[in-house]
Amino acid sequence: MTKQTTLPQDMRCVVLIGIDFDGPSHEVGRGIAPLGKHSWGNYSARCGVPRHMEMLARHGVDATFFVPGYDAERHPQTIEAIDRNGFEVAAHGYLHEAWELDAEEEATLLRKTDRILTEVTGKPVLGWRSPSGRKSDRTMAVLKRLGYIYDSSDKDYDRPYRLRFGDGADDVIIELPNNTYSLDDFPFYKFSYTPPSEVLAQWKSEFDAIYGVDRFFVMSLHPRAGWGSGTPARTRILSDLITYMKSHDGVHFMQSRAFAKWCQAHADNLEEVRFA
Amino acid sequence: MKTYTWPQGARTVALLTVNFDAESFDLKEASAERLFGRYSYGRYGARAGYARLFDLLARHDIPATFFVPGADARRHPALIRDLAGQGHEIAARGVALENFATLGDKEADVLQASRDILADVSGKAPLGFRAPGGELSPRTLGHLAQLGFIYDASFQDADHPYVHGLEGGRTVVELPSSFALDDAPVYSARHTHARLQAIWRDEIQAMHAEGTLIPLTLHLRGDFGSTRAARIAVLDTLLTELKGLGGVRFMTCAQLAEHTLALNLAPQPDPYQAHAQTLANTLYRGELAVKPL
Chain A
1 MTKQTTLPQD MRCVVLIGID FDGPSHEVGR GIAPLGKHSW GNYSARCGVP RHMEMLARHG
61 VDATFFVPGY DAERHPQTIE AIDRNGFEVA AHGYLHEAWE LDAEEEATLL RKTDRILTEV
121 TGKPVLGWRS PSGRKSDRTM AVLKRLGYIY DSSDKDYDRP YRLRFGDGAD DVIIELPNNT
181 YSLDDFPFYK FSYTPPSEVL AQWKSEFDAI YGVDRFFVMS LHPRAGWGSG TPARTRILSD
241 LITYMKSHDG VHFMQSRAFA KWCQAHADNL EEVRFA
Chain B
1 MKTYTWPQGA RTVALLTVNF DAESFDLKEA SAERLFGRYS YGRYGARAGY ARLFDLLARH
61 DIPATFFVPG ADARRHPALI RDLAGQGHEI AARGVALENF ATLGDKEADV LQASRDILAD
121 VSGKAPLGFR APGGELSPRT LGHLAQLGFI YDASFQDADH PYVHGLEGGR TVVELPSSFA
181 LDDAPVYSAR HTHARLQAIW RDEIQAMHAE GTLIPLTLHL RGDFGSTRAA RIAVLDTLLT
241 ELKGLGGVRF MTCAQLAEHT LALNLAPQPD PYQAHAQTLA NTLYRGELAV KPL
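Going down the list, the protein sequences come from chains A and B. Sequence positions in the first sequence follow my numbering and run 1 to 276. Sequence positions in the second sequence follow my numbering and run 1 to 293.
Any given hint could be a false lead.
[As the list claims (entries may be wrong)] Reference excerpt, derived from the structure (chain A facing chain B, CB under 7 Å, subset only): (1) G36; (2) K37; (3) Y43; (4) R46; (5) A233.
Because the hints were derived from the structure by calculation, they are not lab data. Note that beta-carbon positions come from the ideal geometry of N, C-alpha and C, so glycine has one too.
Please construct the entire structure, taking both the sequences and the accompanying hints into account.
So, in structure tokens, the structure goes:
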């Protein structure tokens, strides 16, 4: 019987703030010009990312920006600023591919985005979050060959774990599962039109339920306008949420890569699973 | 690049914009002889909603900008003249709520026709445009500049007005709006007016605190618009609160566009050109999009 992942007593909760850049790639990848109401992605580089970085810096907390390669090509200065300000830059597709890719096309795009992000920041990329959450049983091997140490796309668990994808000693990657139904902004702002102050209450109660129990709080946020959190009111409630979480003992705000390294170094704490 | 500054003495500027969208909206679904029953919500706007909104604006002494489809202006010339006479701005929205992304070669003619109709009805050529459905083609901004429009109010990608730099050195001011301060998405999803009030209160307070543009978008219609009695009451409350925040200047879109031009901002690159090549090689996969309204 495999044991369940267990975080040490003093790690009452690990908080991974993940911000999916989602610039114009989101529309352009679908063949839609980023004009008029389709222009929300331009808000990311222009307003949302600077606002989020300023807010996070004010709190002194770490975060990870998952960036589509196409957006990095068009906004290299913004991506450089993310890195320079001490945040992590990780991969998030090339054109925010929100459709099924065959294995070869997927591998090509993973390599392409890796090259773009590495060139912009001058640092290796260590993690990936699937745009739209699609991945296959072959994706992890490609990431591993690119030197990635974690994936943050699966939705199947409350805690981090070691995802085994082959028989070799190295055929394992750290999985940091996320939740795009209730710890993501777009369901509330796109589907249920929940007022920001109610979204704050929702996320506080999510945190209350996770703190000291599963101890792993992963957010998937978007700095764009429209259904994202880039705008003033929505960034404000993120700030209020961080204030709330900081008022608890033993809360660790980490970059995903830093926590993935911790997981690698504490393999005995992590459950290891294999599904394919 | 110069940073954006508001007119002297203003902490922020609020734009109250109204998409007139009366019968021309229903006519996209039904023929003229069938504008009854479920296709009469547009007529509600003109018959019942208009007066209520007109009075609210007068009571609050707020100048608004009405984006009026040309065909609706022809149908309701007296309403348009009253608005103009009261100091509200009349701006363009096509003739019959055309989708500008797919009009092709007819685009310039439709814009010209809408401009001529509004000039004829209101006595003044419109200076601004808001694309029906928020849909523009790569050529729309260029046509606007050529026809003498000074601003567009269709994008949703900035906290402050900015200037589009177009081919041939032409420019068009952009007055960006916000999905979060538009009544149509909320009411189309059949949410309550109390919910709209809660959303708008949060959004407005935070925008005011940061001193960003506060762009309100209303519709005149009886279905997803804001002119039902209870919804007007919500607006009344929100406008009272907004004014109470302090330092809020209400302007028409044309006034804000003129102010923006006077700032001599560096133009932003054409919003299409950076993506033209990629789009030429990309399949339309719109059916998979998280669709905006």
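Here is how each hint holds up against the structure:
1. G36: 4 Å, holds
2. K37: 3 Å, holds
3. Y43: It holds, given that the least Cβ distance between A:Y43 and chain B is near 5 Å, below 7 Å.
4. R46: With a closest approach of 6 Å, the A:R46 hint holds.
5. A233: With Cβ-Cβ at 4 Å, under 7 Å, it holds.
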